[in-house]
Structure formats: structure tokens, C-alpha cells
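Number of protein chains: 2
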Amino acid sequence: MEGQDRETTGARAADEHHADIYGEDGAVRSSFLAQIGAAIADRDTLTLKREVDDLHQSELGDLLEALHPEQRRALVELLGSDFDFSALTEVDEAIRLDIVDNLPNAQIAQAVQELDSDDAVYILEDLDREDQEEILSRLPFTERIRLRRALDYPEETAGRRMQTEFVAVPPFWTIGQTIDYMREDKNLPDRFSQIFVIDPSFKLLGAIDLDQILRTKRAVKVEDVMHETRHAIPATMDQEEAAREFEQYDLLSAAVVDENDRLVGVLTIDDVVDVIQQEAEEDLLRMGGVGDEELSDTVLATSRSRVPWLLVNLVTAFLAASVIGLFDQTIEHIVALAVLMPIVAGMGGNAGSQTMTVTVRALATRDLDIYNAARIIRREVGVGFINGIVFAVLIGMVAGLWFHDANLGGIIAAAMIINMFAAALAGILIPLVLDRFKIDPAVASAVFVTTVTDCVGFFAFLGLATWWFSVP
Amino acid sequence: MEGQDRETTGARAADEHHADIYGEDGAVRSSFLAQIGAAIADRDTLTLKREVDDLHQSELGDLLEALHPEQRRALVELLGSDFDFSALTEVDEAIRLDIVDNLPNAQIAQAVQELDSDDAVYILEDLDREDQEEILSRLPFTERIRLRRALDYPEETAGRRMQTEFVAVPPFWTIGQTIDYMREDKNLPDRFSQIFVIDPSFKLLGAIDLDQILRTKRAVKVEDVMHETRHAIPATMDQEEAAREFEQYDLLSAAVVDENDRLVGVLTIDDVVDVIQQEAEEDLLRMGGVGDEELSDTVLATSRSRVPWLLVNLVTAFLAASVIGLFDQTIEHIVALAVLMPIVAGMGGNAGSQTMTVTVRALATRDLDIYNAARIIRREVGVGFINGIVFAVLIGMVAGLWFHDANLGGIIAAAMIINMFAAALAGILIPLVLDRFKIDPAVASAVFVTTVTDCVGFFAFLGLATWWFSVP
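Quick note, the sequences are listed as chains R and X, same order.
Just so you know, we're using UniProt numbering here: the first sequence kicks off at 1 and counts up by one.
Just so you know, we're using UniProt numbering here: the second sequence kicks off at 1 and counts up by one.
Derived by calculation from the structure, the hints in this document are not laboratory data.
Don't take each hint at face value.
No copy labels: a pair is met if it fits in one copy or bridges any two.
What the hints assert, rightly or not - With a cut-off of at most 30 Å between alpha-carbon atoms, the simulated DSS-like pairs for lysine-lysine come out as follows: (1) K203 <-> K186; (2) K221 <-> K203; (3) K217 <-> K186; (4) K221 <-> K186; (5) K438 <-> K217; (6) K217 <-> K49; (7) K49 <-> K203; (8) K221 <-> K438; (9) K49 <-> K186; (10) K186 <-> K438.
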């Protein structure tokens with residue numbers, strides 16, 4: 001290892017497997033893809049099974065996403081019952097549906113039984129009602145009841161995301177009994193970080209973290225070391241709110257309870273991490289004017305999904321244009337106004353979107369609330385005022401020199417101050433008001449803010465010019 | 001509980017404590033704030049200690065953020081050694097520094113010893129070098145060594161975020177010995193989900209999850225049940241990359257190793273969740289043209305931090321204006337062009353930012369790579385073309401009717417198709433090229449994309465008009 005870069009050595013030694021599949025740029029290696037592609041073309045099931053066998057579900061998911069659609073379907077078909085269905089939870093919805101729609105329901109029903117219930121639900125929830133029912137009807141009774149219970153909770157709730165496998169013991173057991181039970185029971189969940197304490201009616205009494213069990217003597221009773229579960233999650237709670245509980249209280253897992261406080265499942269941090277990513281992504285995409293689209297969507301689906309946002313912007317663009325239309329005579333006299341007016345509107349738009357971005361994010365993370373709203377509004381208005389003056393001076397000087405007209409410089413400077421002020425107010429007040437009316441500020445703020453900065457920018461600049469130069 | 005809403009009942013029963021402090025809107029209750037405020041005014045230490053005692057660190061953090069700065073400092077002072085310093089990891093950097101700067105270094109040194117090492121580092125890393133050294137020098141030897149080691153790793157690396165407390169055992173121990181050791185040892189970390197297996201030189205051999213220990217008979221040897229730690233994190237790895245490992249492999253915790261593969265700490269999922277949030281937030285803020293600002297920053301600091309972005313936009317705004325300037329004679333003849341031109345530029349800007357948002361996000365999550373780049377570029381160009389035609393027809397008709405001029409309608413329609421096409425190309429190629437040159441596409445893409453759509457929009461529309469109407 002001599003002479004090698006220290007960092008690389010550490011990383012490679014610790015993570016050789018990872019390095020095999022992924023290249024330097026984090027994408028699946030082309031040599032690996034070619035090898036799998038060749039094996040698929042040869043229908044060489046043996047090689048495929050060997051290569052895919054020790055991939056983690058997320059690695060298999062990345063492989064599926066990197067393959068061509070025909071290769072992908074062929075791979076799943078060739079692997080047959082050796083295909084790890086949990087990889088389907090790691091790919092785009094469009095790819096997942098494409099794969100599942102190509103498989104007989106009997107095979108899906110078989111595969112779903114091997115999965116943790118949360119993964120099974122994740123795959124089943126996107127299928128149409130008919131297929132879902134047929135697959136469920138092929139499952140053993142208890143499995144069917146469990147999955148149906150989770151599927152009965154609304155989308156994006158804790159109940160939908162929960163795992164129905166968990167370890168629960170009565171309060172009067174000792175730690176020793178509990179450990180022995182876990183050593184004997186073959187039906188334990190794949191991974192767990194706490195066990196729950198329940199009464200005979202499944203009502204949740206408390207929980208014990210595994211490290212607590214390991215620190216405790218065998219003779220101690222469960223009820224003496226369990227902690228009350230302050231953070232039990234109602235099954236109908238929105239997944240985003242549940243994620244916020246996990247973040248706030250640094251939870252690894254939490255009990256999910258029904259309306260009678262009976263334990264029905266457990267929500268784990270890995271699912272919550274997915275929810276957090278998904279929600280952050282939603283906010284970012286919404287602010288950019290795109291909805292729930294995925295990279296694997298078709299051209300037509302993507303076009304269609306982006307039209308509504310462009311339509312809304314079209315209406316506001318005509319609104320801004322009609323403001324300019326009010327002053328067509330002034331522009332005819334002084335064409336320089338037409339040249340300069342997009343600067344006033346554009347700078348206002350940029351300043352407004354800075355304020356808006358901060359506001360939308362602070363609302364999403366609940367950092368902005370009634371206690372600091374007044375202070376933040378004052379701050380943003382102050383920032384708008386200061387930056388308004390800074391850029392008024394700059395733009396005024398450049399414009400005045402460009403067109404050899406000090407008056408024009410003064411007018412654009414004054415319009416800049418007015419528009420930066422309007423931008424600050426719009427950037428903070430519009431998201432706040434939308435949020436108050438329960439409209440997602442990430443979706444709707446941008447269009448309103450730019451409408452304000454365009455209209456105010458054009459009106460202030462052209463209006464001041466009309467008045468100053470006394471154009472009839 | 002009869003007659004009550006089912007959901008509310010479940011939530012309340014499960015989480016009574018939470019409901020005490022927070023109101024319906026998720027903000028700290030004003031009644032609770034008033035009560036704390038009154039106790040601070042009365043310097044009623046007893047009440048304060050009682051009220052604050054059973055708050056979770058994040059609840060205390062929220063309380064600190066909701067108080068006025070003077071109240072905040074007074075509360076920390078009144079609580080004295082009863083103040084839970086881990087709450088400082090839950091507040092804005094500006095608030096944390098304000099509180100810490102007001103405390104004597106001796107008190108900070110005392111408090112830091114009670115914290116997990118990752119929390120201690122989080123608080124110490126923002127202090128100036130001098131205070132940091134003085135506080136470290138007051139700590140016991142082992143504590144000092146541990147914190148200094150973490151502080152020596154660069155910012156935003158796994159080494160900075162890791163916890164230096166962990167449980168490690170030799171491979172030849174039995175599970176029984178291991179459990180007994182954990183029952184006896186009083187210096188265990190507060191919470192842990194796996195234990196590590198090391199050789200005498202602290203070289204990492206493997207790990208065992210706690211649930212595995214509980215499933216295994218006492219006589220079994222550690223080396224027979226441990227798994228190789230595929231996902232050990234080099235201490236110098238960027239925290240974002242470490243977070244990606246956690247996400248990909250659904251880890252709860254991971255060993256952090258130095259350049260010789262020696263175990264130096266453990267990274268836990270709760271810190272990773274913070275990193276994920278932080279990185280998603282950074283991307284969102286950068287795309288909105290704001291840097292690392294916090295809600296608690298002052299007006300001047302905020303103004304200053306937003307100026308660079310506005311300056312860059314100013315330059316591009318003048319560039320777009322100079323494109324308009326090329327056609328001032330045409331505008332003088334046909335003022336309608338000045339009225340309509342912002343529509344062409346603006347719609348292109350919106351379409352471009354849709355494509356750009358999707359691209360930037362896909363690059364951040366590594367969903368976009370060399371295997372699908374060509375396909376995604378084709379898709380975006382297709383979308384730009386289709387939506388270009390849709391909006392060309394719409395805008396062409398409205399503009400033609402507005403100014404009673406079919407030629408004008410035709411010209412704006414043609415310009416729209418050109419600009420939507422340019423928007424799609426710019427929206428995908430600019431982030432891809434920036435990413436290739438290791439420039440963060442979230443920061444720089446927006447300004448380049450709007451420059452393209454403004455310039456192309458104005459040039460296409462005014463240029464076509466000049467040519468068609470043969471303005472000299």
C-alpha cells in the first residue's frame with residue numbers, strides 16, 4: 001500500500017465491494033454493465049445469478065435503472081425466483097411499474113411474502129385495484145390481513161409506511177425471559193432497534209431499546225426498565241409530520257398505534273430518511289415549477305405535467321405586458337426605456353426570489369413562526385431597502401452614462417428602490433399568507449412574486465419616466 | 001374520551017408532553033413562553049428549573065429560539081449548571097455563538113464534559129481558536145485527546161461529525177462475555193445500535209448489530225456472528241458522501257476509520273439525518289440565489305451576503321438590455337414589440353428553470369449519469385419542442401388579436417418556438433457542463449440559463465420582426 005494516497009487506501013480497504021460496481025463518478029461502472037448485458041444477451045442465467053447474488057438491494061436497483069428497458073425485463077425474467085423484489089423499492093415508479101406489469105400475479109404474490117411488510121406495501125400500493133386484490137388473495141391469511149391493514153391507511157401516512165413485524169412482550173416478563181424468547185423465535189423482524197411492551201389487548205405500554213436490554217441484569221422485570229413511549233405515532237399521521245418527530249427527538253424507530261392506542265406497527269428511521277429526502281425534493285421541484293415528475297417519465301407525460309405552470313406564468317406575463325402597454329406612447333418617444341425596463345423588472349425578480357426562497361424554506365422547517373415573523377419581515381424590508389439603494393446607484397450611473405442622460409439615470413434609480421422594496425415585501429408576505437391559507441407556499445409563491453416585481457418594476461419605471469418627461 | 005375526534009385522541013394520548021409546549025401550528029405555545037418570560041423577569045430559578053427539566057434538548061432549543069435575546073441569555077445564566085448544553089446543537093449558529101460568547105470558558109469546559117463528543121465538537125468548532133484552546137486545556141486528558149482528534153479533521157467530514165464513544169470487543173470473546181461486559185461497564189455511550197470487533201491495534205475487524213447479539217446463544221464466539229463492515233467510513237470522507245452511504249445501505253450507524261483502518265469513532269443516523277436536511281436546504285437556497293444565511297442573521301450581514309448574486313444578475317441584465325439596444329429603431333417603429341418582448345423572454349425563462357430544476361436535483365441525487373444523460377437530453381429537447389409549439393400557438397393568437405396584426409402573431413410564435421428550444425437545451429446542458437467542471441450546478445445554473453433565455457428571446461423576437469417588417 002506504500003506510496004498510495006492515504007484517503008483512497010482507507011476507503012478502498014473499507015469498502016471494496018462498493019468500488020466493484022460503481023465508478024469514480026458514483027455511477028454504475030460501464031464494464032460491469034457490459035458484463036451483465038452480455039450475460040443477458042446469452043441468457044446465461046448462471047453468471048447472472050452469481051453476479052447479482054451479493055448485490056445490496058439498492059445496488060441491484062441502480063443496476064436496473066442503468067439497463068435498457070428490454071435488458072431490464074429480461075434480467076428479471078432470467079433471475080426468476082432469485083430476483084430480490086426489495087430492489088424494486090429503490091427504483092423510479094415508472095421502472096417499478098414496468099417490471100411488475102410484466103410479471104404474472106402469482107410470481108409477485110410469491111415474492112411479496114419474502115419481503116418486510118413495508119416493502120411489500122410500497123410495491124403493491126401503485127398497482128391497480130384489480131391486480132392488488134388478486135395478489136392479496138393469493139397470500140396466506142395473516143400476511144393478507146397485515147398488508148391490507150397497511151394499505152387501508154391513506155397514502156403518505158405513517159400507517160402506509162410502517163412495518164407490521166415487531167417484537168412485543170408483556171410487562172411482567174423478565175429481561176432474561178425476553179432474551180430467551182428472542183433466541184428461540186424464528187419469526188423475528190429482519191432488523192429492529194427496540195422492542196415494545198403491550199397489555200393483552202395489544203395496548204402499548206412502553207418500549208425498551210436494545211442497548212438497555214443488554215445493560216440490564218436477567219432478573220429485572222421488563223416493566224421496571226421500559227420507558228413510556230412519548231413519541232408513539234398515530235397510524236393516520238402524515239408521513240412528513242412523523243418524519244419531523246423522528247428528527248426532533250432523534251428516534252431510530254417508533255411505535256405506530258391505531259385510534260385505540262393499540263400497537264399496529266413500527267416506523268423505522270430508514271423509511272423516515274426516504275420521506276425526508278422525498279419531501280425536500282418535492283419542495284425544490286415545486287419551487288422550480290415542476291410537479292411529481294420522474295426522470296423515467298416519457299416526453300409526452302413530462303410536457304403535459306409542465307404545461308399548467310407555464311400557463312399560469314403566461315397569464316401573468318400578459319398582465320405585465322399590459323402594464324407596459326399603458327405607456328406605449330412614452331416608449332415611442334424614448335426607446336431607451338424599452339431597453340432598460342427589463343433590468344428593473346429582472347433585478348426585482350431576483351431579489352424577490354432570494355427573500356422568497358428563505359421564507360419558503362423557513363416555513364417548511366418551521367423555523368419561521370408567529371414569534372419571529374414580525375422581526376423577519378422587518379429584516380427583509382431592511383435588506384430590500386439597503387440593496388435597493390446600492391443597486392439604484394449602480395444601475396442609475398451605468399444607465400445615465402450609456403444613454404448620456406442623467407435624468408434617465410435618476411428615474412431608473414428611483415424605480416429600482418421602489419421595486420426592490422416591493423420585492424422584499426412580496427417575497428416574505430406572499431409565502432406567509434399562502435401558508436396561513438394552507439396553500440403550499442413552495443408551489444405558488446414564485447408566480448405571485450414575479451408578477452408583483454414585473455408589474456411594479458414596469459409601472460414604476462415607465463410611470464416615473466412619463467411623469468418626468470411629461471409625455472402626454 | 002367519548003365524542004372526541006379519533007385522530008386527536010390517539011395523538012394526544014400518545015404524546016401528551018409534546019402537546020404541552022407546542023401549539024396547533026407547531027410553534028412554541030405563547031402561554032408557555034409567557035410563563036417562562038415571567039419567571040425570567042422574576043429571576044425565579046426554581047420555576048425555571050422545574051419547567052425546563054423535562055424538556056427534550058430540541059424542545060429547549062425551540063424555546064431558546066422563541067425567546068428575546070436578553071431573555072435567552074438570562075435563562076441560560078439563571079439555569080447555570082442545570083442548563084442542558086446539548087440544546088445548543090439544535091439552534092441557529094448565530095444564537096449558539098451569542099449564548100456561548102456570554103459564558104465563561106470554565107463553565108463551557110465543565111458542560112462540554114457531560115456531552116457526547118459529537119455534540120461537544122459541534123459547539124466547539126464555531127468558536128475562535130483561542131477560546132477553543134482554552135476550553136480544551138481545561139478538560140481531562142482523554143476527553144481532550146478525543147475532542148482534538150475530531151476537531152483536527154476538516155469541516156464537513158465524517159471525522160468531524162463522528163462520536164468517539166463506542167463499544168468495541170475482541171473477536172475471541174463469547175456473546176455471553178460481551179453481554180456481561182456491557183452490564184458492568186459504566187462508561188458505555190448513551191445510545192448505540194451496534195458494537196464493533198477490533199484487534200489489539202484497534203484495527204476494525206467487523207461489527208455485530210444488537211438484535212443479532214440478542215438472537216445468539218451465550219456460548220457463541222463474537223467472530224462467528226460478526227459481519228464484515230463493508231461500509232466503514234474513512235474519517236476524511238465528506239459528510240455528504242457518508243450520508244449517501246447511509247441512505248443507500250439503510251445503515252443505523254457506521255464505523256469511522258482512520259487512514260490505517262483503525263476504528264476512531266462511530267457515525268450515527270441521527271447526525272446523518274441532520275446532514276441530509278442541511279444538504280437539501282443548501283441546494284434549495286443556492287438555487288434561489290442565497291448562500292449560507294440563517295434567519296438570525298442581521299440586516300447588514302444578510303444584505304451583504306445577497307449582493308454578489310444580484311451583481312452577477314445585474315451584468316446579465318445589462319447584457320440582455322444591450323441585445324434589445326441592437327433593435328431600438330425597430331421598437332421605435334413598432335412599439336408593440338416592446339410590450340410583447342418580455343413575454344417571450346419570461347416564458348423561456350420559466351421553461352428553462354423547470355428543466356434546470358429537474359437536472360440539478362437529479363445530479364444531486366446521482367440519478368442522472370452518463371448512462372441516461374443522452375436519453376434525458378433527448379427528452380428535454382422533445383418537451384421543449386412540444387411545449388414550444390403549444391405556447392407558440394397560444395401566444396401567437398392572443399398577440400395577433402391584441403394588436404390586430406397577424407404578422408406580429410406569427411413572429412412571436414416563431415420566436416417562442418426558438419426560445420423554448422433554447423431554454424430546454426440551456427436547462428439541461430448548463431448544469432451538466434458545470435457539474436463536469438466540478439462547479440456546483442445549484443449555485444451557478446440559474447444565472448446562465450436566464451441569460452440564455454433572455455438574450456435568445458429578445459434576439460429572436462426583435463430580429464425576426466426587423467427582418468419581416470424590413471426595418472432599416
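What are the numbers of the hints that this structure violates, sorted from low to high? Result: hints 5, 6, 7, 8 and 10 break, sorted rising.
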